Each structure stands twice: as C-alpha cells, then as structure tokens.
Amino acid sequence: MSEPTQTPLVKPLKIAIIGNPNVGKSTIFNQLTGLSQKIGNYPGVTVDKKTGVMHHQGSTYEIIDLPGTYSLYPNSEDEIIAHRVLNQLTEQERPDFVLMILDSMQVSRGLFLATQLIDLGLNLALVLNMADMAEKQQLEIKGFELYKALGVPILHTDARGAKGIEQIRDLIHQKNFSKPTEFLPVGEYIDAQSLTDVKEKFEIQSDYQAYQILRFGPKDKGISIEKREWLQQKTAQLGLNLDAAQLEETKLRYEKINSIVDQALVKKEIKERKSSAIDKLILHPVLGYALFGIILLVIFQAIFAWASVPMDLIDGFFGDLSGWVSSSLPEGPLASLIADGIIPGIGGVVIFIPQIAMLFGFLAILEDTGYMSRVVFLMDRWMRPFGLHGKSIVPLVSGVACAIPGVMAARNIGNWKEKIITIMVTPLMSCSARLPVYIILIGLVIPDETVLGFVNMQALALLALYLLGVVGVLITAFGMKYILKTEEKSFLMVELPSYRTPRWKDVVITMYNKSKTFVMEAGKVILAISVILWVLGSYGPPSKMEEIRVTAEQRLSTATSEEEIATIETETSSLLLENSFIGIMGRAIEPAIRPLGYDWKIGIALITSFAAREVFVSTIATIYSIGGDLEDDSTIREKMNAQINANTGTKTFDLPTSLSLMVFYAFAMQCMSTLAVVYRETKGWKWPLIQTVYMTVLAYVSALITYQIFS
Amino acid sequence: MTADKLPISKSAIIQSIADSPLKINLMELGFLPGKTITLHHIAPLSGPMAFKLDETILALRKSEAALLDIQIL
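Just so you know, the protein sequences line up as chains A and B, in that order.
No gaps in the numbering here: position 47 of the first sequence is 47 in the numbering used here, and each next residue is one more.
Every position in the second sequence, counted from 1, becomes a number in the numbering used here once 1000 is added.
Warning: the hint list may mix true and false statements.
In silico DSS-like cross-links for lysine-lysine, where the CA-CA straight-line distance does not exceed 25 Å [claimed, not checked]: (1) 1023(B) <-> 256(A); (2) 1005(B) <-> 280(A); (3) 251(A) <-> 1062(B); (4) 1035(B) <-> 136(A); (5) 1062(B) <-> 417(A); (6) 280(A) <-> 1010(B); (7) 256(A) <-> 1052(B); (8) 516(A) <-> 49(A); (9) 256(A) <-> 1035(B); (10) 489(A) <-> 1005(B); (11) 485(A) <-> 1062(B); (12) 251(A) <-> 1052(B); (13) 489(A) <-> 1062(B); (14) 489(A) <-> 219(A); (15) 163(A) <-> 14(A); (16) 267(A) <-> 1010(B); (17) 1052(B) <-> 267(A); (18) 1010(B) <-> 1062(B); (19) 251(A) <-> 1023(B); (20) 227(A) <-> 199(A); (21) 1023(B) <-> 485(A); (22) 489(A) <-> 1052(B); (23) 136(A) <-> 1052(B); (24) 1062(B) <-> 481(A); (25) 1035(B) <-> 251(A); (26) 1035(B) <-> 142(A); (27) 50(A) <-> 524(A); (28) 417(A) <-> 1023(B); (29) 50(A) <-> 516(A); (30) 136(A) <-> 163(A); (31) 1062(B) <-> 280(A); (32) 267(A) <-> 1035(B); (33) 280(A) <-> 1052(B); (34) 1023(B) <-> 219(A).
Computed footprint of chain B on chain A; a stretch qualifies when at least three of its residues, placed anywhere within it, have a C-beta under 8 Å from a C-beta of chain B [as the list claims (entries may be wrong)]: (35) 71-83; (36) 103-112; (37) 245-258; (38) 368-381; (39) 489-497.
Derived by calculation from the structure, the hints in this document are not laboratory data.
These figures come from a predicted structure and were not determined experimentally.
Backbone N, C-alpha and C fix where the C-beta goes; we use that ideal spot for every residue, glycine too.
Could you build the full structure based on these sequences and the hints that come with them?
Listed below in structure tokens is the structure:
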C-alpha cells in the first residue's frame, strides 16, 4: 500500500506458485526463497499470505506461495484465495506469471487445475515434480507430447533432491512463460454469448474468467456488493444453470485431459507400492491406534524434556535482565514499568517459542512423511459425533503441551464450523502450564499413598484432572455442534500420500515461520495485557500505598538482622499487592467466589494468573509472604497449609477448596496468550470473548459443584 | 451398488455419481465415471474408506463413498 511516488522504478516481477496439495510446492518455494519469507494476511480470511524474494543473476523476483488446491472452484478459504488471486480481481495481488507444480505420479489430476489456469489466460509454466518417484514406478512422461497438447513450457524436477531448482530459476529469469490458447472453450458447456456483459462490466478478456466470476462472484466478499448483486441479477436474467455447467465443465475437462495423458504417459510395469505394506500396520484397527499413542507419548516426552531447557534459560535470562534494569535504572515508575511490566511481558511471549517450534517441528515431520493423513483417516470416525473433523485431532493433541500451537494448527481444518469448534475446545485440554498448579495443590491435599497395591493416589488425581479436560472438550464440542449453523457441508476427502522421508529444511523453515508468526502477531496482545496487569498489580490508591511504604521504611530503619529485613520486605510486597488495584479487584470478587471456597487472597491469584496459569504459584507465594526459594515447593506448601480462611475459620487450602481450585484451573481461560492466538486465528474479538466467558462460566459452575459436594 | 459396499481389496468401475453438493469435489479429485477404484483400507466401526484411484490413495467417508455408483469387477 505504498504511495505511487515511493514505488521503485522497476518493480520486481511477481510469480505465483500454485499446485495440488502434497506435490512439493512448499519445498520448491522454500528452495527458491530460503528464509527471505514473509507471512502476511489476505483481507477477510485466515489464510496466511506467504511471499518470498528470489535473487537470480542480479535480478529480484517476488514469489507468492498460493495455498494448495485441486481446482479453481472456491470451496474452502484456501481455494477462495487461489481463486481470487488468479482471477486478478484485485490489482494489488496480480501476479505477472504463474508457476504450476504437478506431481509426476498424478498428472491428470494436476492437469485439471493446469488447464483451468490456461483457460483463465494466465502466463504459465508447468513443473513436473517428483520425477524420481515416477522413474521408480517405471512411469515415463513424454514432456514434449504434453507441451504439444498444452502449449506451455514444462520442466522436470525432483525438489526433494533439489534437482531442477536451477532450471526453475532460469525459467523465471528468462520469463519463459506462455499464454496458450483456450484448452476447453467455454462454449462447450455454456452459451459464451451470455458472458459478453460480464466481460465488459469487469473489464476482462477471457471467457473462462467471466464464467468463473459469474459462477462464484456472488459469494466472493472480495467483490463489491453492487457488483455481486449485478452478477446475481445477470444469472437470473440469462436463466443459466451454473451448477450443471460446472459439472459438465468438469466432465469435459477430464475427458480431454485423459485423452492427452493416454498419449503422453507410458506405464511400463505395474508395481505394488510399498505404501500398501506399511499401511497394513499403520492403519491396523488396533495396532494403528497403539502406534499413534506411542508416537504421541514420545513427542510429549521429547517436548517436556527438551523444551524445558531453553524455557528455563529464557526464564532466567529475562529474570536477570529485569533485575539488572531495576538495579541500574534510578528507582521510579519508569524502571518498574520496564523491569516488572515490559521485560516480563516480552519474556512471557518468548518463553513459548521452544514449545511452539518443537511441536510444529514434530507436526511437520509427521505431515511430511505422510503419517498425518493416516491419523486423520483413523480418527475421523471418533471425532465426527462431537462435531469435530479427523483433522481436529492435531490441535487437540497439541493442546496437551500448549493450547497456542494447538489453536494455530486448527487452520488446516477447511470447514468453518469444525474449525471454530476445534479452536473453542482446544484450551480445555490440560496444558503444561496447569501442571505446576495441579502439582502444588495435589501435594497439599491428596495423600501420597497407594491404593489397590499399586495405584498412587496423587498420580490418580493428576490423571483425573487430565481426563476432566478431555470430558470438557467432548461435551463442549458436542453442544456447539447443535448451536453453530453453517451451510458448508463437512467432508473428509483426504489423500493418503506415499510415505517419504521428511525434508529437514522444510521442517526447520516451518518451525521458524510458526514461531515468528506467534511472536509478531500474538506477541503484541500479550505484551499489552502484561503491561495492564503490571499497572493494576503495582498501583493502588496512592495514600494507602504511600502509608505502607512509609511504615516499611520505618521498620527497616530499626531492623537489626538480615533475616528481619527479608521478613519486612516480603511482608511489604504482600501488603502492596493486597492494596493494589488487583488486590481491590480480588476483594471485590470475593462474594462471587466465596461459594467456591475461596477467600479474597485466592481471588487475587485468580486475577494475576490470567497472565499465565503458573503465575498462580508465585502470586500465592507473594500474598502469603513466603520468602526464600520459590523453586522449592515444600516451603510454599507448608505456608499454604498453615493459612486460615478468615470467613470460615478453617484451613484455607483444605480438601474441598483445593479440589475446587483444581477444577477451576482445568476449565478457566486463564491464559492471555491463548486469547491472543484465538484472536489472530479467528480474525476478531468475537470468538476469544465468547470463549473466555464460556470457559469462565464452565469453570465457575464446575468448581462450585465440586466444592459443594466435598464440603 | 455403491462404493461404500465394496469389499476390501476388490476393484470396481465408477458408473455415475449421485447428485450432491459434494459431487463436484469428488469429480475434481478424479472420481469420474469410467474410472477404476480399489478398496485399499477401511477404518474401524464404519470409519472412512481409502480407495486406490490411479496412482493415489484417497480417503472418503462412508457417506461420501455412497455417492459413487459402481460396477464391481
């Protein structure tokens, strides 16, 4: 959106890459652009806009990676984007050339899209990728025959082995694209005369483009309402049956393609693919699920074991940084804002990177090997009764580590309703941030004893909390299935690609891009909320706060031992928090949380842990003036155990209250980072707000029931 | 008969596709009259069915397979 005056004299040429899913399109894009990729947004949809820069022989080219699609019929958001960009309805997106990637093993399906592109009148070149696979399968593709039939330049590549990438660069550099004549004249399935007005109205040349606009334009929000209405009237006025025309087009197109493929493809030998043997194990009705369980276990084990190292480092680094800032800057609100508001806020964003990167690394490997589609195949039957899709399994499973990558992974689900339900329920899975809260409360009230000879009570309680999350997911999803309405029909139709070794470069780029997206887009919201929480937590009515400080100074001036000073300091920070705005809020909500068994001190912890659930532990430590080493749970536990609830006169953290708290944390949306990611993925505040309200109500009611049963 | 009733490892030729909003999706994937499909695998409890079509394996829900009218080979 730069001003015309700022536009450089020579704008880089734009090349769009398009192809069916699983054809190695992204690998080629990665090879051409490396890490010079940018992820942006298309207006109005959640699809990422991936662009990159390619340098070749002193020239610069802008490469756009369009989402994978089987046709130009816009069924999903991905396809809407491909449709919109290639129909060149918005000047800004218009590519100069289109590079289409085909799978050498599935030429006819690829040609379906390719010939649609030809008919749109685009400047096109084709890349027959995975040439190695075709060779192994004894499949010979006569490129020249294809060229003769289509009139488009054709390259053979093997992107996995990085073969042919130089040729692609050369082809782009030499602008070796061509705009052939129509493949399937529109006149064969619709009265071409009727399109004249459309062509005039939209100032376009190609019949096929006019037909596409007439067919799909009325539903395309990228077109002005006036034009959409005009299209609807036009269709009615002409009395066209466009559904029938589309079916006829598909049939004729494939007929014509098949006659070309018969000429151009020679299959020398029928060989059983090795996929069949592996599928017998992977898709086995019992072993298949067992294997999936084992793979998940290994992944989570790895994430917990490996991610904790960088996470501790990040935590330590930001802790030190904030300590350094507060000691080297002159004391005052600015130092406090930087040290206690902004630095922990940034730290709170960065801390998620190891988990996000690792989870997406594993997901990319599973996706790339062809295993993920098999999981979708196995799980679809189990997900569907709950209004979810086979693809929902990935977000839900990721949610056990962290809801953030889970919600981010939901974008692969094409159907709007299934995607929203998945995003809504994923944060109910028990994530790793709940673990510290669970562990401290379980240690407090559940005896460390074995029942039935081998079952540890504490382990059992932890398992019950995880299952509670799963039950919450299933019930919520089931309910939402009946509430949300959509005209979109849910369908599976997923390809089970042949097994392959993962492409490590692509895996690394995925990890990098996902982390970057999270930091750039969700990071802003997280930082903003952190600062707000800091303000509320460190400021209160000035006179009261001043009074606490003065008293503390007086006591400190008479203090005699190190120990006494430490005690006074912890007591003061406790008093300051109690009298801050958050403290006031904690007191204000006390009437509401009293039926759950909480006092206002717990209320404060509920509010502060909105930053992240594990903050519960540190707030409790501050509020109960627990000094010393916070890493040592037993100190906190002892102090907590000694607390007396002012309302009831009994122990604050007795069994009913602790259970009620655990249930509350299992369900409540106590995570601003998840909120920020849901905001990003749904492109608005509607769903994150609904989600927060829903989860809070669910947590409240469940905790209330729990408390009332056990007290 | 329809493709959801095809026994495992058996092949059939697609005769026609029933009218449905999903008809076009099936066709664009290559499920076309005259094509041969082979049942590669079936997920438990009436789960999705994986068909071999040309060189690829495509998974369909049972309800989607039921749209394909087939002649068993």
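Against the structure, the hints come out as follows:
no.: 1; hint: 1023(B) <-> 256(A); verdict: holds (19 Å)
no.: 2; hint: 1005(B) <-> 280(A); verdict: holds (20 Å)
no.: 3; hint: 251(A) <-> 1062(B); verdict: holds (23 Å)
no.: 4; hint: 1035(B) <-> 136(A); verdict: holds (24 Å)
no.: 5; hint: 1062(B) <-> 417(A); verdict: holds (21 Å)
no.: 6; hint: 280(A) <-> 1010(B); verdict: holds (16 Å)
no.: 7; hint: 256(A) <-> 1052(B); verdict: holds (22 Å)
no.: 8; hint: 516(A) <-> 49(A); verdict: holds (14 Å)
no.: 9; hint: 256(A) <-> 1035(B); verdict: holds (14 Å)
no.: 10; hint: 489(A) <-> 1005(B); verdict: holds (23 Å)
no.: 11; hint: 485(A) <-> 1062(B); verdict: holds (23 Å)
no.: 12; hint: 251(A) <-> 1052(B); verdict: holds (20 Å)
no.: 13; hint: 489(A) <-> 1062(B); verdict: holds (15 Å)
no.: 14; hint: 489(A) <-> 219(A); verdict: holds (16 Å)
no.: 15; hint: 163(A) <-> 14(A); verdict: holds (23 Å)
no.: 16; hint: 267(A) <-> 1010(B); verdict: holds (22 Å)
no.: 17; hint: 1052(B) <-> 267(A); verdict: holds (17 Å)
no.: 18; hint: 1010(B) <-> 1062(B); verdict: holds (16 Å)
no.: 19; hint: 251(A) <-> 1023(B); verdict: holds (11 Å)
no.: 20; hint: 227(A) <-> 199(A); verdict: holds (12 Å)
no.: 21; hint: 1023(B) <-> 485(A); verdict: holds (22 Å)
no.: 22; hint: 489(A) <-> 1052(B); verdict: holds (24 Å)
no.: 23; hint: 136(A) <-> 1052(B); verdict: holds (19 Å)
no.: 24; hint: 1062(B) <-> 481(A); verdict: holds (20 Å)
no.: 25; hint: 1035(B) <-> 251(A); verdict: holds (12 Å)
no.: 26; hint: 1035(B) <-> 142(A); verdict: holds (22 Å)
no.: 27; hint: 50(A) <-> 524(A); verdict: holds (21 Å)
no.: 28; hint: 417(A) <-> 1023(B); verdict: holds (21 Å)
no.: 29; hint: 50(A) <-> 516(A); verdict: holds (13 Å)
no.: 30; hint: 136(A) <-> 163(A); verdict: holds (16 Å)
no.: 31; hint: 1062(B) <-> 280(A); verdict: holds (20 Å)
no.: 32; hint: 267(A) <-> 1035(B); verdict: holds (17 Å)
no.: 33; hint: 280(A) <-> 1052(B); verdict: holds (14 Å)
no.: 34; hint: 1023(B) <-> 219(A); verdict: holds (19 Å)
no.: 35; hint: 71-83; verdict: holds (count 3)
no.: 36; hint: 103-112; verdict: holds (count 5)
no.: 37; hint: 245-258; verdict: holds (count 5)
no.: 38; hint: 368-381; verdict: holds (count 6)
no.: 39; hint: 489-497; verdict: holds (count 8)
The structure agrees with every numbered hint stated previously.
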